[in-house]
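K.L.:
Each chain, written out:
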Amino acid sequence: MQLTPKKTLKEIAAMISAEYAGDPDLVVSGINEIHRVEKGDITFVDHPKYYKKALKSAATTIIINQKMASPNGKALIFSDDPFHDFVSLVKRFKPFQEAQSMISPSAKIGKDTIIQPGSFIGNHVSIGDHCLIHSNVTIYDNCTIGNNVIIHSGAVIGADAFYFKRRPQHYDKLESCGAVVIEDHVEIGANTTIDKGVSGSTTIGSGTKLDNLIQVGHDTIIGRNCLFAAQVGIAGCVNIEDNVILWGQVGVQKDLTIGEGAVVLGQSGIAKSLEGNKTYFGSPVLEANEKMKELALMKRLPEVIKKL
Amino acid sequence: MQLTPKKTLKEIAAMISAEYAGDPDLVVSGINEIHRVEKGDITFVDHPKYYKKALKSAATTIIINQKMASPNGKALIFSDDPFHDFVSLVKRFKPFQEAQSMISPSAKIGKDTIIQPGSFIGNHVSIGDHCLIHSNVTIYDNCTIGNNVIIHSGAVIGADAFYFKRRPQHYDKLESCGAVVIEDHVEIGANTTIDKGVSGSTTIGSGTKLDNLIQVGHDTIIGRNCLFAAQVGIAGCVNIEDNVILWGQVGVQKDLTIGEGAVVLGQSGIAKSLEGNKTYFGSPVLEANEKMKELALMKRLPEVIKKL
Amino acid sequence: MQLTPKKTLKEIAAMISAEYAGDPDLVVSGINEIHRVEKGDITFVDHPKYYKKALKSAATTIIINQKMASPNGKALIFSDDPFHDFVSLVKRFKPFQEAQSMISPSAKIGKDTIIQPGSFIGNHVSIGDHCLIHSNVTIYDNCTIGNNVIIHSGAVIGADAFYFKRRPQHYDKLESCGAVVIEDHVEIGANTTIDKGVSGSTTIGSGTKLDNLIQVGHDTIIGRNCLFAAQVGIAGCVNIEDNVILWGQVGVQKDLTIGEGAVVLGQSGIAKSLEGNKTYFGSPVLEANEKMKELALMKRLPEVIKKL
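Residue numbers (this note's numbering), protein chains in the order written: chain A, 1 to 308; chain B, 309 to 616; chain C, 617 to 924.
Hint data in this document are derived by calculation from the structure and do not stem from the laboratory.
Take the hints with a grain of salt, since some may be wrong.
In the DSS-like style, the derived pairs of lysine-lysine whose C-alpha atoms are separated by at most 30 angstroms in a straight line are [said to hold, decoys possible]: (1) Lys278(A) x Lys707(C); (2) Lys909(C) x Lys306(A); (3) Lys481(B) x Lys299(A); (4) Lys870(C) x Lys278(A); (5) Lys473(B) x Lys615(B); (6) Lys307(A) x Lys909(C); (7) Lys562(B) x Lys601(B); (8) Lys607(B) x Lys291(A); (9) Lys894(C) x Lys922(C); (10) Lys601(B) x Lys923(C); (11) Lys601(B) x Lys915(C); (12) Lys907(C) x Lys580(B); (13) Lys278(A) x Lys923(C); (14) Lys915(C) x Lys306(A); (15) Lys108(A) x Lys53(A); (16) Lys278(A) x Lys291(A); (17) Lys291(A) x Lys586(B); (18) Lys173(A) x Lys586(B); (19) Lys870(C) x Lys254(A).
Only part of the chain A face toward chain B is listed, based on derived beta-carbon distances under 10 angstroms [stated by the list, open to error]: (20) Lys52; (21) Lys53; (22) Gly122; (23) Ile194; (24) Leu213; (25) Val304.
What the simulated footprint calls covered on chain A by chain B, stretch by stretch (three residues with Cβ under 8 angstroms from a Cβ of chain B suffice, anywhere in the stretch; the number is not a length) [stated by the list, open to error]: (26) 21–35; (27) 166–178; (28) 272–281; (29) 287–298.
Don't be surprised by glycine CBs; every beta carbon is placed ideally from N, CA and C.
So that you can see chain A by itself, here it is in the shape it has in the complex (with noise of 0.2 angstroms):
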């Protein structure tokens, strides 16, 4: 999320009663996390394992929870708890707006572009020309969705991230301020449901083709043409390239890559990045071939155990 307007290192530190080290006039133009973070951004890190993967990183100002010297050319701010402060930092630059009709009248809507009764459209959502929405979608604020694309009923665009840290009597949520972004030429079926990034975009590609009842998780990027079946879940941060097939019921963990082209057969698990350009099967997953091998072996396990 950029800052309109930028800020000083020294606002920001004031805003969280915080103690910092760096230039006081250091400039704040974005907040994100550590995930999607560019030059100018503010992030928080707040355990020793990932203190080094944000202070190399592309984020100029981290709030970190150990006092130290600040690495060249950028700035830290101090806190007991960096969650919490970014959080707070969040909900500032990016409070909830309540909406006052079903149709924003922030929204843009592209031209020849139908929507259907009973659609919510929020907050500064821009729809290109050429669209479909059909009635009882949701688009949460600030997503952007491009020319000629059909939104099945029921789909809802832009809810929260998933993401909680655990303290020891509950969950603390890390607001989201990210958003969705739909290429142009994308079909997403009823009731599929894609969510906001934390920071950055929830991207689905030009082309793409999404079924029904479809999750896709925070900050995850779709490339183009691809299609994916019903029931298909994709948790958040997942990098799936162009043409790729997912046929249904298959499952995708966090933070990997589906390589171009690859195929993946129905209730597959993926926990693992895949290579492109194969055809994969199994949960958790193998390729297919070596599945079915795997499949026939079992078949003769009576034999074996006749025979021992």
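Position chains B and C relative to chain A; hints supplied.
P.N.:
Just chains B and C now, kept in the frame of chain A:
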């Protein structure tokens, strides 16, 4: 469900034109299915296999399809079709009330609670303070939502239990007279569905977070601070204790218990109760380290078969 | 889909500027995809592998991408891109009609049928008597609902078939011209989705009960008195006979048949037709007792490997 006003045994028997054994002035104060009966309740039993359970239950009055003497302090109502007569009583005491508006005038909405446009709030629903109900949510009659609850778009709270009795030519529906109770600080994902109890309350414990497209069946009770990822499916009458984590697409069969602190990995299938504080994987589920061993052994099958 | 008024071969060929072989005054009375053609229909075929099937089908007129003599009593229309020309005819005969209100004035609603607020009823929808349509349901144009049907909130009836043709740079969509037919005494769960047929009708047989979050693909035909638990996914063009029970999260691939009275246990994956009156389990599915034996044998693998 409580009866207001209370009825006598004699009055209830007259409603279904049935004979009875017991004190005609015995008070019937509630009507509940056998899983959730309390003292003063009327319930039903229609198979000899369950007679003993029903007669020993907390229920005070039992509709039963065999004449017998009534046990101490209890009453029996004799019926050729206890299921049918039970359902007719439920329909009489809790008839469906057609809605006149998107938000029922009888609903109680707490302070600082936001209800986005397009959401339906049924009769006698109670929603606490500081809640955020996103657009196109449906909350059926009589459900109770605590404080600081977030419900995302398309979620359906309180649809009927999926509970049918097989007849020779069709299925008969057990009318639900229960509701859903969602405690404080719960978050419910987009297009998630939580069915009402057939007599008691399907309950989501305080601090629990549900992701998108999850199914929770009737009369299931979920503890505090649980975390369920997208597309988890939980059948009816399940008890899930506190701090349980279910990853994506896990399936849970009816009438079982998952112990406190259990973690179940993605796509697992749970057909029997699980002890707490362990990690599980597989369909059917095993302890995760056992399942991992099994998967490793299966990789050695070609070698085994070659050796023989 | 029936054509009203009917057209002649000559008129149809002119609409897509194509040459043809056959009687120019031959009557074209319907337009349907090859799976559901009847006498008088026009259909298309674009791959030599399916020429024979198309030429021997009940269809009277076939759009085909190879010049040949027309078979007895049939007509051929020659096209470089039969898929494209077929779709353009469908769009011409069945253009999308934008809705003007939540309940179309052209919808027929039977007596004693309740439609709760927030539901969308499309053009030319027909709903029988004594139905209960809960809030935030969507029923697309031309669907037919019988008597005594209950549809829970968020269900989507009649969204487009998920049916695309791969082109070098994108996917082309086959426009659906079919609908959904729901027979008497059916119950449809919350957020369940049932797609329309591409040419015929996706059909839910009398007395069948569907739980929440189920997907039913285009042109699938489900028999009478079936019972499907939550999150079941059924692809397109499946035939499910009467009295079939599918437990939670079962997946069914396209173009197959499940025989009468079959029972399939939770999370099973069905990739080929199943005989009736048996119980099945596993992904891929086996008869349940075979699968149980296999699971028992797998438990003996450590012993087997030790012995070798």
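K.L.:
Each hint needs a verdict: does it hold in this structure or not?
P.N.:
Okay, the hints, checked on the actual structure:
1. Lys278(A) x Lys707(C): violated (36 angstroms)
2. Lys909(C) x Lys306(A): holds (14 angstroms)
3. Lys481(B) x Lys299(A): It is violated: about 42 angstroms lies between the C-alpha atoms, which goes past 30 angstroms.
4. Lys870(C) x Lys278(A): Distance ~22 angstroms between Lys870(C) and Lys278(A) Cα, so the pair holds.
5. Lys473(B) x Lys615(B): violated (54 angstroms)
6. Lys307(A) x Lys909(C): Distance of about 17 angstroms is within 30 angstroms: holds.
7. Lys562(B) x Lys601(B): With a Cα-Cα distance of about 28 angstroms, the restraint between Lys562(B) and Lys601(B) holds, given a limit of 30 angstroms.
8. Lys607(B) x Lys291(A): At roughly 10 angstroms apart (the allowed maximum being 30 angstroms), Lys291(A) and Lys607(B) satisfy the hint.
9. Lys894(C) x Lys922(C): violated (36 angstroms)
10. Lys601(B) x Lys923(C): It holds: about 17 angstroms lies between the C-alpha atoms, which stays within 30 angstroms.
11. Lys601(B) x Lys915(C): holds (10 angstroms)
12. Lys907(C) x Lys580(B): holds (17 angstroms)
13. Lys278(A) x Lys923(C): Status violated; Cα separation ~36 angstroms.
14. Lys915(C) x Lys306(A): Roughly 15 angstroms between the alpha carbons, so the hint for Lys915(C) and Lys306(A) holds.
15. Lys108(A) x Lys53(A): violated (39 angstroms)
16. Lys278(A) x Lys291(A): holds (13 angstroms)
17. Lys291(A) x Lys586(B): holds (28 angstroms)
18. Lys173(A) x Lys586(B): holds (25 angstroms)
19. Lys870(C) x Lys254(A): holds (29 angstroms)
20. Lys52: violated (28 angstroms)
21. Lys53: Check failed: Cβ of Lys53(A) comes no nearer than 24 angstroms to chain B, outside 10 angstroms.
22. Gly122: Nearest chain B Cβ about 8 angstroms off; hint holds.
23. Ile194: holds (9 angstroms)
24. Leu213: holds (6 angstroms)
25. Val304: Holds - the Cβ of Val304(A) comes within 10 angstroms of chain B, reaching about 6 angstroms at its closest.
26. 21–35: violated (count 0)
27. 166–178: n = 4 at 8 angstroms, threshold three: holds.
28. 272–281: Check failed, 0 qualifying residues.
29. 287–298: Holds, because 4 residues of the stretch 287–298 of chain A bring their Cβ atoms closer than 8 angstroms to Cβ atoms of chain B.
Checked against the numbered hints listed earlier, the structure breaks hints 1, 3, 5, 9, 13, 15, 20, 21, 26 and 28; every other hint is satisfied.
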